[in-house]
Amino acid sequence: MPFFNNENISIAAMACAVPDNLVTVDSFSNAFGQEVTERFTDGTGIKQMYKALPEQTAGDIAYAAAENLMEHYPVDKDKIGALILVTQSPDYRRPATACVLQKRLGLSKDCAVMDIGLGCSGFVYGLQVAGSLMASSDMEYAMLLIGETASKLVNPQDKSIVMMYGDAGAAVLLKRESGNNIKTLLRSDGSKYEAIVLPAGGFRDMNPSHEIFMCSDGNERSLYDIFMDGTAVFSFSINEIPVAIKDYLEVVGKNIEEFDVIALHQANRFILKQITKRIKAKTEKVPLSLDRYGNTGGISIPLTLCDKYGSTDEEVIKVLASGFGIGLSWGVTSFEIDTTNIYPVILTSDYYAEGKFMPGEY
Amino acid sequence: MTEKEKLAMLEETLEMDEGTLAPEMKLENIDEYNSMAKLSLIVMMDDEFGVKLSSAEIKGFKTVEDILAKMN
Numbered sequence: 001m002p003f004f005n006n007e008n009i010s011i012a013a014m015a016c017a018v019p020d021n022l023v024t025v026d027s028f029s030n031a032f033g034q035e036v037t038e039r040f041t042d043g044t045g046i047k048q049m050y051k052a053l054p055e056q057t058a059g060d061i062a063y064a065a066a067e068n069l070m071e072h073y074p075v076d077k078d079k080i081g082a083l084i085l086v087t088q089s090p091d092y093r094r095p096a097t098a099c100v101l102q103k104r105l106g107l108s109k110d111c112a113v114m115d116i117g118l119g120c121s122g123f124v125y126g127l128q129v130a131g132s133l134m135a136s137s138d139m140e141y142a143m144l145l146i147g148e149t150a151s152k153l154v155n156p157q158d159k160s161i162v163m164m165y166g167d168a169g170a171a172v173l174l175k176r177e178s179g180n181n182i183k184t185l186l187r188s189d190g191s192k193y194e195a196i197v198l199p200a201g202g203f204r205d206m207n208p209s210h211e212i213f214m215c216s217d218g219n220e221r222s223l224y225d226i227f228m229d230g231t232a233v234f235s236f237s238i239n240e241i242p243v244a245i246k247d248y249l250e251v252v253g254k255n256i257e258e259f260d261v262i263a264l265h266q267a268n269r270f271i272l273k274q275i276t277k278r279i280k281a282k283t284e285k286v287p288l289s290l291d292r293y294g295n296t297g298g299i300s301i302p303l304t305l306c307d308k309y310g311s312t313d314e315e316v317i318k319v320l321a322s323g324f325g326i327g328l329s330w331g332v333t334s335f336e337i338d339t340t341n342i343y344p345v346i347l348t349s350d351y352y353a354e355g356k357f358m359p360g361e362y
Numbered sequence: 001m002t003e004k005e006k007l008a009m010l011e012e013t014l015e016m017d018e019g020t021l022a023p024e025m026k027l028e029n030i031d032e033y034n035s036m037a038k039l040s041l042i043v044m045m046d047d048e049f050g051v052k053l054s055s056a057e058i059k060g061f062k063t064v065e066d067i068l069a070k071m072n
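Residue numbers (my numbering), protein chains in the order written: chain A, 1 to 362; chain B, 1 to 72.
Next up, chain B with everything else stripped away, as it sits in the complex (with noise of 0.2 angstroms):
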């Protein structure tokens, strides 16, 4: 999956427009990045890539280019 193929696919998890993302971005400043899309965000992490997020490692995401690593 490329980069922007993750990107479209996190931006939906989000509930953002398409292109709005930007790896360098920090997700303290995205305000679609709420409670509720954190939860998204574990769904789509664990029924697209069988990755089981932590609470641990959500807190530790400080930019989108942290999650696009675990997209794997």
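Just chain A, with the same shape it has in the complex (with noise of 0.2 angstroms):
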């Protein structure tokens, strides 16, 4: 089993950024009915979601995410060995984002830098992958970036997803700690990729036609436009996160009550109340943000704690957290953190204007 443990290594901090952009599900009614609109808030448990400014990437979010982490939790950048982004939006086809934000966050070149290309699993996979590096190395920090503008991917006549994304970066800095571990469980489904696709403009099928076709769910798309099987995405939330989430805990002897948070990646609140009905945790153990922020993919995590804790002071919580969907991909993962250093979400409209390329200029 892809079971994880890596020792000596805590979560020092976390922070969270939103674009400065909010959206109501209740401005779409003028657009699908207000009918519609309402249902989509009865099953989902979205009321609002913060979309990116059309200038603003995932980096760019991620960006104002570290930033803010930073002044709140003062570290030496020359510590920092290694900067993952975990982003399926790129700001370039080519280099990899991270390296951008490593020349924009002022690290060292003594850094390992990369970007990780998943989605909602991808913060307990970009833990995992940070951990790792701190445990094999000496390095005494790592920062992990997911950034995310899955909204700008979305066919604005795709009543199933377009009130359902919300754009966000998050920033989450681990360092060594003697006697703290973290201790992680990796899975992946890659036969069923085809149940969230973004088919064109990749290398498989690079510049298709823009032609819009009507898909089997009854929405009208193009391919390039994000597909999502809902039952099958679904199916599966409710049937495998459960049993990863069993299977971690008796690999680690410990069972549900122990932890005083349950942090599920937010993909809908009918989900999430499945899913905590099934591990048998108690309801008020399981925060919500998607009814403000939407589904954030894999800042949905280090967005949910951010948004409970980011005001609270001086208690140290043990976190559940439980990451999956496009893939298939999934893990869990348990830290204990100090809530002093889980900062409030902040707003940006930031964006590296100098990032933009211009024919003739370079």
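Hints were generated in silico from the structure; no laboratory data involved.
Here the structure is a predicted model, which is why all the values come from computation and not from measurement.
Per the computed footprint, the stretches of chain B lying under chain A, defined by three or more beta-carbons under 8 angstroms from a beta-carbon of chain A, are: (1) 28-38; (2) 55-63.
List of simulated lysine to aspartate or glutamate pairs, EDC-like, C-alpha gap at most 20 angstroms: (3) A/K277 x B/D46; (4) B/K38 x A/E240; (5) B/K38 x A/E38; (6) B/K59 x A/E194; (7) B/K38 x A/D217; (8) B/K62 x A/D217; (9) B/K59 x A/D217; (10) A/K273 x B/E15; (11) A/K280 x B/D46; (12) A/K109 x A/D78; (13) A/K273 x B/D46; (14) B/K59 x A/E220; (15) B/K38 x A/D158; (16) B/K52 x A/D189; (17) A/K308 x A/E284; (18) A/K282 x A/E250; (19) A/K192 x B/E57; (20) A/K79 x A/E67; (21) A/K280 x B/E48; (22) A/K246 x B/D47; (23) A/K277 x B/E48; (24) A/K273 x B/D47; (25) B/K4 x B/D66; (26) A/K280 x B/D47.
Ideal Cβ placement from N, Cα and C applies to all residues, glycine included.
Quick one: dock chain against chain with the hints and give me the complex.
This is the structure in structure tokens:
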């Protein structure tokens, strides 16, 4: 089983940012009708989300989160030995956006830098990769960033997801700390890669037609829009996640009551409710942030923690977290964190203007 | 479980009034059979019958009878 134990590593601090552009589900009533928007909120629990401004990238929002983290938690940048960005909305086809962020954040050359192309499982996968890099080196800190602007890849007429995706960025600082371990379980099922897919623009089909066609779920899309098989993703979520959490608890020898908070990927309220029931967790231990932020992919776990504990101080909490989605990919992890080092969610409208290339100017 | 009991369970899952469903009814004509209802159906089938419906099976359902046949 891909179960990992990173010894003497802890999460030092956590910060999140969302674009300064609030969009309410209600604002879609003109386009889709009030019955559709009300039914959507009833079913998913989502009332509003923040969508990236046209100029803003996932890298920009993750950068704002990282800057916010380092303002609260001053760290010697030369001691950050790894920078990882989890995103599926990179700034460029190449290079990795993490390299751009290394420059923007002013990190040293003594730093291992890479992107990881995952979505909703990204926090758990990213945490494990950063933890592994630390565990097999002597670096003092590693910075995990997660950024997503999935809202830019949705057909505006797609009633199933245009009101669901919110954009956001997260920064998680890992540090070396004796006696503290982070244990993680990772799983994946590539046989279901078609369940959430954006077919065009990759190298399988780089430049197909932008023609709009009717999909099997009754929504119109082009090959450049995200498609999600909602029932397949739902079945996966309510079956695999409870099993993975039970397997995880068995390996670490703990039961669900020993955790103060169960931070689940904020997919939709119905999925969270089913998973909560199946893992026999108390509802009050499973915080919701999706009502105000929508589904923010891999950021949703840190975002939920920043939302709940951002203004809480001096209490160490035991967190069990599970991220799951596109790939399909999922994981479970747990950690302790001092809520003093979980910061309030900030709004950002900043973007990296000099990152835009102009013909003839380079 | 009798057919009547299965129908009652399905009506409850789809949040419909008792006695409104009949086996021969076409699902495409039932307003309540929307995307959220399909998710409730997945949960009910798993919780009550231990049946894990696949996305393809759900797409294959045309009538109420097709669903009843899986409720075993």
